[in-house]
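Top to bottom, those sequences are chains A and B.
First residue of the first sequence: 273, per our numbering; consecutive thereafter.
First residue of the second sequence: 268, per our numbering; consecutive thereafter.
Calculated directly from the structure, the hints in this document are not laboratory data.
Warning: the hint list may mix true and false statements.
Claimed, not checked - With a cut-off of at most 30 Å between alpha-carbon atoms, the simulated DSSO-like pairs for lysine-lysine come out as follows: (1) A:K599 with A:K319; (2) A:K295 with B:K330; (3) A:K319 with B:K330.
As the list claims (entries may be wrong) - Chain A regions said to be covered by chain B (calculated; three or more residues, Cβ under 8 Å): (4) 289 to 295; (5) 563 to 577; (6) 591 to 601.
Source: prediction; values computed, not measured.
For each residue, glycine too, the CB sits at the ideal point set by N, CA and C.
For reference, the chains in residue letters:
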Amino acid sequence: MNGVLVIGASVGGLTVVEALRRKGYDGRIGLVGDEPHLPYDRPPLSKEILTGRWPIERVLLRNREQLDDLDAELYLGRRGEQLDLQARTVCLDDGRSLRYDTLVIATGLAPRPLPFQPNIAGIHTLRTVDDALALRRELSTVRRGVIIGAGVLGCEIAAAARSLGRQVTLIDALPVPMARQIGGELGARIAAMHQRRGVHLRMGAGVCGFNSVNGRVGAVELAGGEVVPTDLVVIAVGSVPATGWLTGSGLTLSDGIECDAYCRAAPDVYAVGDVARWRHPVTGVSTRLENRTNAIEQALTVAANILRADRPYTPTPYFWTDQYATKIQVHGVIAPDSRIRLIEGDAAAGRFVALAESGDTVTAAIGWNHPRVFSS
Amino acid sequence: MEVIVDQDRCAAGGLCVMAVPEVFDQRGEDGIVVLLDADPPAGHHEAVREAVMICPAAAIRLKEDR
Chain A
273 MNGVLVIGAS VGGLTVVEAL RRKGYDGRIG LVGDEPHLPY DRPPLSKEIL TGRWPIERVL
333 LRNREQLDDL DAELYLGRRG EQLDLQARTV CLDDGRSLRY DTLVIATGLA PRPLPFQPNI
393 AGIHTLRTVD DALALRRELS TVRRGVIIGA GVLGCEIAAA ARSLGRQVTL IDALPVPMAR
453 QIGGELGARI AAMHQRRGVH LRMGAGVCGF NSVNGRVGAV ELAGGEVVPT DLVVIAVGSV
513 PATGWLTGSG LTLSDGIECD AYCRAAPDVY AVGDVARWRH PVTGVSTRLE NRTNAIEQAL
573 TVAANILRAD RPYTPTPYFW TDQYATKIQV HGVIAPDSRI RLIEGDAAAG RFVALAESGD
633 TVTAAIGWNH PRVFSS
Chain B
268 MEVIVDQDRC AAGGLCVMAV PEVFDQRGED GIVVLLDADP PAGHHEAVRE AVMICPAAAI
328 RLKEDR
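Based on the provided sequences and hints, a complete structural model is requested.
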């Protein structure tokens, strides 16, 4: 018995291990993570860690004793380099070859680089705890920063940097921030919120280059010719599934690992979390979600399916974001052209519950500084 | 079973309340978790373990008797 091997030790991979043990699985489990740290939580990185409100230890998902109780073999600071589906082995970057009966791939995402991104000091991305600490260190010394990409991550970084008193310019090619996540109407509210806090918004703007001074970034050039001087740049233009190591393995890769409705990529091979693209059994659409609750729910489904539950995966997407003192929660999916209908609270006061509607269908419930979205 | 919640970690998603309304509630003003029963009866244990796992902020912990 070679047991279950999980590649990826963030919340998705860890949750598979915990769920298997909780359901009574007593075979061998291996858990491989490419960072040297114990499994930790990513959402606080762009919030409490960047502002310094939390000490770094608080991001750990479990302490050493709790991990020991799982009786899993931990391979931290190691990455999978090659998968052999026939031999049922994964080669690690230290040359070791691990055998499995069941494989779970939860390798997550890597930040998407800009095509013309130069290799100079002062340019950051944010995915790992080490990225967050490096950015926090630099934010404490600079006067101003440019954030490229106004998705959820870019907006949270802008809010954190502004809260630390830095001058902040937030740039995106779309007309409003978070347009992809919450549509145009609510995106306009996000824009207003950042402007009230003094963020310089450059929406509908393309970045075409960087100027450097003595090997360090000194300005960002916009497509219209404008030059925005800066001491620091954060690139937050989305992420790509970390599947490079699976090229040629025989798994189908297409913006993620393609899976069936049970999150199965091949016989006895499953994918979980940001990296997994699965055929949604209700909509029939090939779907990939990048949020923390998806990683957990998908992990629970995969753990059940490893134990032969044959459970199709039908999540209700949920994400939240904290920016300044505002908490926004979204249950469901908001289309770019959704109509937003207030059902409770006061839009002018910035505290409400709303529904997003496409045609005759409600596709999402939104809580804007309003708790208990579910019960509303 | 002893249930412990960390209100400073809580992201106010209310997923725990959906899972076990007998054990978890939310504050009216900001949605932060409120623990109703730190020592829930055995009938709720499985649902509480599920709530621990689905919490998006890892804000619920358990001490289980061994």
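Outcome of the hint check:
no. : hint               : result
1   : A:K599 with A:K319 : holds, 12 Å
2   : A:K295 with B:K330 : holds, 18 Å
3   : A:K319 with B:K330 : holds, 28 Å
4   : 289 to 295         : holds (count 3)
5   : 563 to 577         : holds (count 5)
6   : 591 to 601         : holds (count 4)
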